[in-house]
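So the protein sequences, as listed, match chains H and S. Under my numbering, the first residue of the first sequence is numbered 1, with each subsequent residue one higher. Under my numbering, the first residue of the second sequence is numbered 1, with each subsequent residue one higher.
Everything labelled a hint here was simulated from the structure, so no lab data went into it. Treat the hints with caution; some may be incorrect.
[As the list claims (entries may be wrong)] Per label pair, the in silico range of CB-to-CB distance:
hint	chain 1	residue 1	chain 2	residue 2	range
1	S	Glu208	H	Pro41	53 to 63 Å
2	H	Ser61	S	Ile245	34 to 44 Å
3	H	Gln240	S	Gly98	40 to 50 Å
4	H	Asn236	S	Lys263	45 to 55 Å
[Stated by the list, open to error] Straight-line distance between alpha carbons at most 20 Å, and here's what the computed SDA-like set of lysine to any residue pairs gives:
hint	chain 1	residue 1	chain 2	residue 2
5	H	Lys72	S	Glu261
6	S	Lys22	H	Arg98
7	H	Lys277	H	Glu287
8	S	Lys263	H	Asn63
9	H	Lys109	S	Thr116
10	S	Lys115	H	Asp70
11	H	Lys22	H	Asp33
12	H	Lys94	S	Thr104
13	H	Lys94	S	Arg28
14	H	Lys22	S	Ile267
15	S	Lys17	H	Ser113
[To be verified] If you want the ones that stay clear, here's a sample from chain S, every Cβ over 12 Å from chain H, calculated:
hint	residue
16	Phe25
17	Tyr47
18	Phe61
19	Ser155
20	Leu205
21	Phe244
22	Ile252
Even for Gly, the Cβ is constructed at its ideal location relative to N, Cα and C.
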Amino acid sequence: MAPATDSVVEIKNLTKKYENKKVVDNINLIIKDSCFSLLGPNGAGKSTTFLMLLGLVRPTSGNAFVLKKDIKNGIDNVRARIGFLPENVGFYSKLTARQHIELILKIRKESHSKNEVETLLNWCGIKQDYWDKNVKTFSRGMAQRLGLAQAFAGNPKIVFLDEPLSNIDALGRDDLINKIRLKRQQGITIIISSHIILELEQLTEELAFIDKGKIVKYGNYIHLTNLVGFNEYEINLINQKSKISLGELKEIVESKDNTLMIAPKVLDEKIIFNSQKPEKLNQIIEEFHDFSLRPISGTLTRLYKHFLAQGEIS
Amino acid sequence: MIRRKNSLLQIDITLNKFYFRKSFFSIRTILCLILLFFPLFNLILSYNTYINPLVEYHQNFINNAYFWGDFMENNLNNIFLPILPLISLLITADSVSGEFSNRTAIVLYTNLSRKTIIRAKIEFLVMSLVIYVSLLWISLIIATSILFHAVISFSFLITGYILVFAHLLFYVAFSFLLSSLTQNTFIAFLVPFFYISFSGIFITLDMELLSYNYYGDTLFSFFGDILSPNNYIINDFPLLLFSFIIYFGLPIILFIVTYYEFKRIDIRV
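Use the sequences and the hints to build the structure in full.
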């Protein structure tokens with residue numbers, strides 16, 4: 001049972017039972033290099049799936065491969081390339097934020113610089129005044145940010161984030177989403193589990209809905225929205241230094257195929273339009289690294305509710 | 001291959017530095033130090049009442065009566081006031097379970113394999129025990145030289161050190177097994193503590209083979225006779241051999257069981 005060649009994570013018939021109750025029920029998934037969201041209500045089996053993929057919880061049956069390594073026997077070989085933010089992250093109360101990051105970097109890498117520690121602390125948004133304070137003085141939101149920093153410490157290839165936004169206020173969520181997006185742009189595969197849907201749509205490329213331990217639907221975000229008939233999309237300018245403007249991009253796209261965007265409206269930082277062929281359009285947009293195509297804001301929530309209305313998510 | 005070994009060693013050093021830094025100047029360490037010197041103070045106080053600095057004490061008295069007969073006897077076989085085993089339990093009981101109750105386990109266990117973590121923790125506990133027992137022995141040597149203007153013979157000191165170290169290592173290994181596999185600090189502390197307390201009951205009920213102290217007592221008597229100038233005849237060789245195996249082997253077996261069984265438990269915090 002070898003893993004698929006282009007998968008980062010491959011799950012095959014994975015099941016976990018606790019006292020005869022199936023918490024994860026025979027799930028199958030292939031996760032490619034992307035930002036993957038595992039979405040579902042509380043108690044759906046998201047965290048247990050993560051813990052099994054990290055080799056912390058042993059599956060009752062089935063198997064999975066992370067970075068081509070069997071989670072039952074080979075996961076230790078790739079552990080240094082995996083980052084993880086647990087749902088309820090805990091830290092050694094007597095250590096400072098800086099000491100925590102130093103510890104994780106020392107474990108993951110043979111050497112690191114002071115600058116690397118400070119870059120991470122700066123990146124996660126902890127104020128400099130707190131870098132050398134004991135973690136026991138941190139609010140839950142700050143501890144969550146430190147958790148995020150330790151997850152990305154040492155340039156992992158893949159990072160699992162379990163409910164990363166749960167202790168963060170609304171403004172902080174947008175900030176963290178942007179920070180995670182920057183990491184994604186650096187080529188890190190990000191796997192997020194969350195029951196907070198709204199903010200994740202800015203990140204999600206692939207997704208799976210899970211409920212009662214079973215995968216209800218999974219696939220490419222754009223493909224799934226198109227599949228259920230949510231056809232409103234937007235192209236966002238994600239790099240202000242782009243040599244091409246949104247208007248110019250629209251003309252380029254239309255010159256290739258004028259049926260890809262229906263009734264496009266060019267705004268300050270985005271183009272809004274309808275499309276019946278979003279996947280074909282996405283192939284064109286991916287060539288321009290300064291832009292991204294996504295369903296319009298609110299679509300992921302609508303998609304979640306769509307499956308909910310069908311009774312596919314309880 | 002060599003790089004991997006170096007890397008593993010580096011990780012062990014990093015973790016052990018971290019564990020030592022965490023425990024340094026903690027309330028627990030201070031409590032352990034108080035407990036550590038309690039038997040020594042007790043010994044000094046009991047001798048200080050009648051000791052005569054003008055008298056030159058015979059080496060046999062220092063070795064057999066003062067060290068082996070009082071110090072070792074009181075600390076190795078005292079089931080009513082098990083001071084030194086308490087140190088073992090204090091340094092060990094929350095070594096793994098504490099990581100779970102503080103939700104810190106997952107941060108380390110996701111970055112390193114469980115084998116590495118358990119190995120580093122065993123190394124840390126054994127090193128801590130070496131430090132504590134060595135501190136006690138150094139203090140004992142200093143106190144003896146001040147009290148009696150004499151030193152305990154090396155053969156007595158080293159034999160006593162090994163017996164006390166193995167004794168304390170057993171309680172470390174026992175508590176560590178429970179701390180790792182039950183993830184519960186209270187169980188890891190109380191079960192070995194009650195086991196020490198029940199040692200007397202085992203002997204009363206003719207179930208002395210269930211008592212670890214019984215094997216320690218057998219070896220204590222054996223070495224006491226070997227080290228003293230009297231001729232010693234082994235009466236029960238199978239028991240002596242069994243005592244050697246259990247006394248020195250059981251801590252190692254418990255560590256090995258913990259090392260391999262810990263891989264199988266689910267880590268959820």
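Cross-check of the supplied hints:
Checked against the hint of 53 to 63 Å, the C-beta distance between Glu208 (chain S) and Pro41 (chain H) comes to roughly 58 Å, which is consistent with it. For the hinted restraint 34 to 44 Å between Ser61 (chain H) and Ile245 (chain S), the CB-CB distance of approximately 41 Å keeps it satisfied. Restraint check, Gln240 (chain H) to Gly98 (chain S): a C-beta distance of roughly 49 Å satisfies the suggested window 40 to 50 Å. For Asn236 (chain H) paired with Lys263 (chain S), a C-beta distance near 46 Å keeps the hint of 45 to 55 Å intact.
Restraint check for Lys72 (chain H) and Glu261 (chain S): the C-alpha separation of about 14 Å stays at or below 20 Å, so the hint holds. As the CA atoms of Lys22 (chain S) and Arg98 (chain H) are separated by approximately 15 Å, the hinted pair is consistent with the 20 Å bound. Note on Lys277 (chain H) and Glu287 (chain H): the hinted pairing holds, with a Cα-Cα distance of about 17 Å set against a maximum of 20 Å. Distance hint between Lys263 (chain S) and Asn63 (chain H) is fulfilled; the C-alpha atoms sit about 17 Å from each other, no more than 20 Å.
For a cut-off of 20 Å, the pair hint linking Lys109 (chain H) to Thr116 (chain S) stands: about 15 Å separates their Cα positions. The straight-line distance between the Cα atoms of Lys115 (chain S) and Asp70 (chain H) is roughly 17 Å, inside the 20 Å bound, and the hint therefore holds. For the hint pairing Lys22 (chain H) with Asp33 (chain H), the CA-to-CA distance comes to about 29 Å; that exceeds 20 Å, so the pair is violated. For the hint linking Lys94 (chain H) to Thr104 (chain S), the alpha-carbon distance of about 12 Å falls within 20 Å, and the restraint holds.
Under the criterion of a C-alpha separation no larger than 20 Å, the hint pairing Lys94 (chain H) with Arg28 (chain S) is consistent with the structure, at around 14 Å. For the hint pairing Lys22 (chain H) with Ile267 (chain S), the CA-to-CA distance comes to about 18 Å; that is within 20 Å, so the pair holds. A threshold of 20 Å between alpha carbons decides the hint, and for Lys17 (chain S) with Ser113 (chain H) the separation of about 19 Å falls inside it, so the pair holds. Separation of Phe25 (chain S) from chain H is inadequate, the least Cβ-Cβ distance of about 10 Å not exceeding the 12 Å criterion.
Non-interface status of Tyr47 (chain S) relative to chain H is upheld: no Cβ of that chain comes within 12 Å, the nearest being about 41 Å off. With a least beta-carbon separation of about 47 Å from chain H, Phe61 (chain S) lies farther than 12 Å from that chain, consistent with its non-interface assignment. At roughly 43 Å, the least C-beta separation between Ser155 (chain S) and chain H is larger than 12 Å, which holds for a residue marked as non-interface. For Leu205 (chain S), the shortest C-beta to C-beta distance to chain H comes to about 37 Å, beyond the 12 Å cut-off, and the non-interface label holds.
Listed as outside the interface, Phe244 (chain S) is consistent with that label: its C-beta sits roughly 36 Å from the nearest C-beta of chain H, beyond the 12 Å cut-off. Every CB of chain H is more than 12 Å from the CB of Ile252 (chain S) (nearest about 24 Å), matching its label as outside the interface.
The structure fails to meet hints 11, 16 from the earlier list, while all remaining hints are met.
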